[in-house]
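Chains as they are written, first to last, in the numbering used here: chain A, 6 to 172; chain B, 6 to 172.
Worth double-checking, as some hints may not be accurate.
What follows is a list of derived Cβ distance ranges for each label pair [unchecked claim]:
{"#": "1", "chain 1": "B", "residue 1": "GLU149", "chain 2": "A", "residue 2": "VAL129", "range": "49 to 55 Å"}
{"#": "2", "chain 1": "A", "residue 1": "LEU147", "chain 2": "B", "residue 2": "ALA22", "range": "46 to 52 Å"}
{"#": "3", "chain 1": "B", "residue 1": "LYS71", "chain 2": "A", "residue 2": "GLY57", "range": "37 to 43 Å"}
{"#": "4", "chain 1": "B", "residue 1": "ILE158", "chain 2": "A", "residue 2": "VAL129", "range": "45 to 51 Å"}
{"#": "5", "chain 1": "A", "residue 1": "SER91", "chain 2": "B", "residue 2": "GLU70", "range": "35 to 41 Å"}
{"#": "6", "chain 1": "A", "residue 1": "SER126", "chain 2": "B", "residue 2": "ARG87", "range": "22 to 28 Å"}
{"#": "7", "chain 1": "B", "residue 1": "GLU28", "chain 2": "A", "residue 2": "SER126", "range": "44 to 50 Å"}
{"#": "8", "chain 1": "A", "residue 1": "GLN69", "chain 2": "B", "residue 2": "SER126", "range": "38 to 44 Å"}
Computed, partial: chain A to chain B, Cβ under 8 Å [said to hold, decoys possible]:
{"#": "9", "residue": "GLY61"}
{"#": "10", "residue": "LEU82"}
{"#": "11", "residue": "PHE115"}
Taking lysine to any residue and the SDA-like style, the derived pairs with C-alpha atoms no more than 25 Å apart in a straight line are [to be verified]:
{"#": "12", "chain 1": "A", "residue 1": "LYS92", "chain 2": "B", "residue 2": "ASN166"}
{"#": "13", "chain 1": "B", "residue 1": "LYS38", "chain 2": "B", "residue 2": "ILE169"}
{"#": "14", "chain 1": "A", "residue 1": "LYS160", "chain 2": "B", "residue 2": "GLY86"}
{"#": "15", "chain 1": "B", "residue 1": "LYS38", "chain 2": "B", "residue 2": "ARG138"}
{"#": "16", "chain 1": "A", "residue 1": "LYS92", "chain 2": "B", "residue 2": "VAL129"}
{"#": "17", "chain 1": "A", "residue 1": "LYS71", "chain 2": "B", "residue 2": "ILE85"}
No wet-lab data here; the hints were simulated from the structure. Note that the Cβ used here is the ideal one computed from N, Cα and C, for glycine as well.
Here's the letter readout for the chains.
Protein chains: 2
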Amino acid sequence: MHPPTTPFEPTPPVSIALKSDIENLKHAIEQAKLGASEGGVSIGGAVVDKDGNVLGVGRNKRVQEKSAILHGETDCLNNIGRLHASKYVGATMYTTLSPCTMCSGAVVLFGISRVVMGENSTFVGGEDFLKSRGVEVVNLDLDECKQLKKNFIDKYPEIWNEDIGEE
Amino acid sequence: MHPPTTPFEPTPPVSIALKSDIENLKHAIEQAKLGASEGGVSIGGAVVDKDGNVLGVGRNKRVQEKSAILHGETDCLNNIGRLHASKYVGATMYTTLSPCTMCSGAVVLFGISRVVMGENSTFVGGEDFLKSRGVEVVNLDLDECKQLKKNFIDKYPEIWNEDIGEE
Ligand SMILES: [Ca+2]
Ligand SMILES: [Ca+2]
Ligand SMILES: [Zn+2]
Ligand SMILES: [Zn+2]
Chain A
6 MHPPTTPFEP
16 TPPVSIALKS
26 DIENLKHAIE
36 QAKLGASEGG
46 VSIGGAVVDK
56 DGNVLGVGRN
66 KRVQEKSAIL
76 HGETDCLNNI
86 GRLHASKYVG
96 ATMYTTLSPC
106 TMCSGAVVLF
116 GISRVVMGEN
126 STFVGGEDFL
136 KSRGVEVVNL
146 DLDECKQLKK
156 NFIDKYPEIW
166 NEDIGEE
Chain B
6 MHPPTTPFEP
16 TPPVSIALKS
26 DIENLKHAIE
36 QAKLGASEGG
46 VSIGGAVVDK
56 DGNVLGVGRN
66 KRVQEKSAIL
76 HGETDCLNNI
86 GRLHASKYVG
96 ATMYTTLSPC
106 TMCSGAVVLF
116 GISRVVMGEN
126 STFVGGEDFL
136 KSRGVEVVNL
146 DLDECKQLKK
156 NFIDKYPEIW
166 NEDIGEE
């Protein structure tokens, strides 16, 4: 028996970490480290399709390109470029940190099926919105990702606040 | 008496079109027309701050820059660049069409207070999400904006579907 659903409030799918998730997240972690080495916000993203192919990777470019909209996830989608919507069916967005409302909205717009994050210890973005739109959300809760973020916040607290839209 | 509220579900503010909204939306319409003249998706955006200053304008760049994330609204935010969060308090995002989930999430992330759209006749994006996060949403329901969109869809239906994430 399934609970009743409506087209606008699908039952959130069960969230299950796959064996491949830790491996795939490494592409996002690599990007976060690359961003840190450039003096940028240390958040990375990667999209992997349902067959395990890496469609693209990206990292926050606030500092490097003075962009307020290129987060790890949106930079990744921008790098992938124009792609038929069917390619995103069954795909997973990997991100080192809980995706903000903009990036969560992008995941829904692109029809990406899953989001796997490295951690959400001090920032929780659009996770509820994602679940309400039927996107599977998995938190791997990795110390490595928390440390990557902490290193940046300790060094540049004001840029961090700018990035999450706080004064 | 006000109805009870929680921090996560603020009462949506009353939506009132201001006299200046029609004037300000013209910046977004101008961008949509410019985009159309470039062979691009005819959607434009503009952000105006609480004192009436135009902070920036933008247009969909899917065709022009092969970008899947530069919508009228996000291109506008990208053009504005890095800005202190306080500048967006009381600001309005003008857009020729109902903002998609990504752009609605961006409005919430940036702390923009109002969204004024030209129309939402065949596409309704993240309006419910915006209202649930306390953003005022106004639909001016203008024939000019419907016609701008129709001209593009009639000419390039497949690019339109790509832009809204449909197959
Ligand atoms: Ca804020
Ligand atoms: Ca879709
Ligand atoms: Zn984001
Ligand atoms: Zn959009």
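Hints, one by one, checked against the model:
1. The hinted range of 49 to 55 Å is not satisfied by B:GLU149 and A:VAL129, whose Cβ atoms lie roughly 41 Å apart.
2. Taking the beta carbon of each, A:LEU147 and B:ALA22 are about 48 Å apart, inside 46 to 52 Å as hinted.
3. For the pair B:LYS71 and A:GLY57, the supplied restraint of 37 to 43 Å is violated, since their beta-carbon distance comes to about 25 Å.
4. Between B:ILE158 and A:VAL129 the C-beta distance comes to about 37 Å, which lies outside the given range of 45 to 51 Å.
5. Between A:SER91 and B:GLU70 the Cβ separation comes to about 23 Å, which falls outside the hinted range of 35 to 41 Å.
6. Hint check: A:SER126 to B:ARG87, Cβ distance near 25 Å, so the stated range 22 to 28 Å holds.
7. For the hinted restraint 44 to 50 Å between B:GLU28 and A:SER126, the CB-CB distance of approximately 46 Å keeps it satisfied.
8. Against the hinted window of 38 to 44 Å, the Cβ-Cβ separation of A:GLN69 and B:SER126 comes to about 40 Å, which satisfies the hint.
9. Among the interface hints, the one on A:GLY61 is violated; its C-beta lies about 10 Å from the nearest C-beta in chain B, farther than the 8 Å criterion.
10. A least Cβ separation of about 5 Å between A:LEU82 and chain B falls short of the 8 Å threshold, and the interface hint therefore holds.
11. For A:PHE115, the interface hint holds, since its Cβ comes within 8 Å of a Cβ in chain B; the closest pair sits about 6 Å apart.
12. Between the alpha carbons of A:LYS92 and B:ASN166 the distance comes to roughly 14 Å, so the proposed pair stays at or under 25 Å and holds.
13. Our distance criterion of 25 Å between C-alpha atoms is met by B:LYS38 and B:ILE169, whose separation comes to about 19 Å.
14. Between A:LYS160 and B:GLY86 the CA atoms are separated by roughly 22 Å; this keeps the pair inside 25 Å, and the hint holds.
15. The suggested pairing of B:LYS38 with B:ARG138 is violated, with an alpha-carbon distance near 31 Å, which exceeds 25 Å.
16. Distance check on the hinted pair: A:LYS92 and B:VAL129 sit about 23 Å apart at the alpha-carbon level, within 25 Å; holds.
17. A distance of roughly 10 Å separates the Cα atoms of A:LYS71 and B:ILE85; the hinted pair therefore holds under the 25 Å criterion.
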